Amino acid sequence: MTLKEVKAMAKGMGIKLCRKNKTQLIREIQEREGNIPCFGTERVKFCGEEGCLWRSDCLKEFRKNQK
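Here the sequence shown is numbered in numbering that gives the first Met the number 0, starting from 0 and rising by one per residue.
Since the hints were derived computationally from the structure, they do not count as laboratory data. You may find that some hints are simply not true.
Cross-link-like lysine-lysine pairs, in silico, BS3-like; alpha carbons within 27 Å at most [unchecked claim]:
(1) K59 / K19
(2) K21 / K10
(3) K59 / K10
(4) K66 / K19
(5) K63 / K19
(6) K44 / K63
(7) K3 / K66
(8) K19 / K44
(9) K6 / K59
(10) K19 / K6
(11) K15 / K3
(12) K19 / K3
(13) K59 / K3
(14) K44 / K59
(15) K21 / K44
(16) K10 / K66
(17) K21 / K59
(18) K21 / K3
(19) K63 / K15
(20) K63 / K6
(21) K21 / K63
(22) K66 / K44
(23) K63 / K3
(24) K15 / K66
Have a look at the derived ranges for each label pair, beta carbon to beta carbon [stated by the list, open to error]:
(25) F45 / C17: 28 to 38 Å
(26) G13 / Q65: 26 to 36 Å
(27) E49 / C17: 16 to 26 Å
Keep in mind it's a predicted model, so treat the numbers as computed, not measured. Where is the CB? At the ideal position from N, CA and C, for every residue including glycine.
Please build the complete structure, drawing on both the sequences and the hints.
Dropping the structure here:
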């Protein structure tokens with residue numbers, strides 16, 4: 000999902016966008032939805048949420064942070 004799409008989703012949920020990056024916005028969206036704000040964290044190693052909207056981006060973010 001692009002940053003523009005994430006921002007639109009966050010804005011629709013009443014989340015303030017000011018100076019937040021994609022990861023911060025996704026984690027805040029996760030919290031608002033009542034989920035664990037785990038995007039891009041080590042939790043991906045044992046995450047069983049195959050249908051998660053953020054799954055592919057989460058895996059990329061996690062790998063990026065491992066370098």
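The hints, checked one at a time:
1. Under the criterion of a C-alpha separation no larger than 27 Å, the hint pairing K59 with K19 is consistent with the structure, at around 19 Å.
2. The suggested pairing of K21 with K10 holds, with an alpha-carbon distance near 13 Å, which does not exceed 27 Å.
3. The straight-line distance between the Cα atoms of K59 and K10 is roughly 24 Å, inside the 27 Å bound, and the hint therefore holds.
4. As the CA atoms of K66 and K19 are separated by approximately 22 Å, the hinted pair is consistent with the 27 Å bound.
5. Taking the CA atoms of K63 and K19, the gap is near 18 Å; set against the 27 Å cutoff, the hint holds.
6. Taking the CA atoms of K44 and K63, the gap is near 14 Å; set against the 27 Å cutoff, the hint holds.
7. Between K3 and K66, the direct Cα distance comes to roughly 26 Å. Compliance with the 27 Å bound is thereby established for this hinted pair.
8. Under the criterion of a C-alpha separation no larger than 27 Å, the hint pairing K19 with K44 is consistent with the structure, at around 25 Å.
9. Simply put, K6 and K59 have alpha-carbon atoms about 19 Å apart, close enough for the 27 Å limit, and the pair holds.
10. The suggested pairing of K19 with K6 holds, with an alpha-carbon distance near 9 Å, which does not exceed 27 Å.
11. The hinted pair formed by K15 and K3 meets the criterion: a straight-line CA distance of about 14 Å does not exceed 27 Å.
12. With a C-alpha separation of about 12 Å, the suggested pairing of K19 with K3 holds against the 27 Å cut-off.
13. Note on K59 and K3: the hinted pairing holds, with a Cα-Cα distance of about 18 Å set against a maximum of 27 Å.
14. Restraint check for K44 and K59: satisfied, since their Cα atoms lie roughly 12 Å apart, inside the 27 Å limit.
15. Distance hint between K21 and K44 is fulfilled; the C-alpha atoms sit about 21 Å from each other, no more than 27 Å.
16. Under the criterion of a C-alpha separation no larger than 27 Å, the hint pairing K10 with K66 is inconsistent with the structure, at around 31 Å.
17. Our distance criterion of 27 Å between C-alpha atoms is met by K21 and K59, whose separation comes to about 13 Å.
18. At most 27 Å may separate the alpha-carbon atoms for a hinted pair to count; K21 and K3 meet this at roughly 9 Å.
19. For the given pair, K63 sits about 26 Å from K15 by alpha-carbon distance, which is consistent with the 27 Å threshold.
20. Proposed proximity of K63 and K6 is supported: the alpha carbons are some 21 Å apart, at most 27 Å.
21. For the suggested pair K21 and K63, the alpha carbons sit about 14 Å apart, so the restraint of at most 27 Å is met.
22. About 16 Å separates the Cα atoms of K66 and K44, which keeps this hinted pair within 27 Å; it holds.
23. For the hint linking K63 to K3, the alpha-carbon distance of about 20 Å falls within 27 Å, and the restraint holds.
24. Annotation: proposed proximity of K15 to K66 is violated, straight-line Cα distance about 30 Å (limit 27 Å).
25. Between F45 and C17 the C-beta distance comes to about 33 Å, which sits within the given range of 28 to 38 Å.
26. Restraint check, G13 to Q65: a C-beta distance of roughly 33 Å satisfies the suggested window 26 to 36 Å.
27. Taken as a hint, the range 16 to 26 Å is violated for the pair E49 and C17, whose Cβ atoms sit roughly 33 Å apart.
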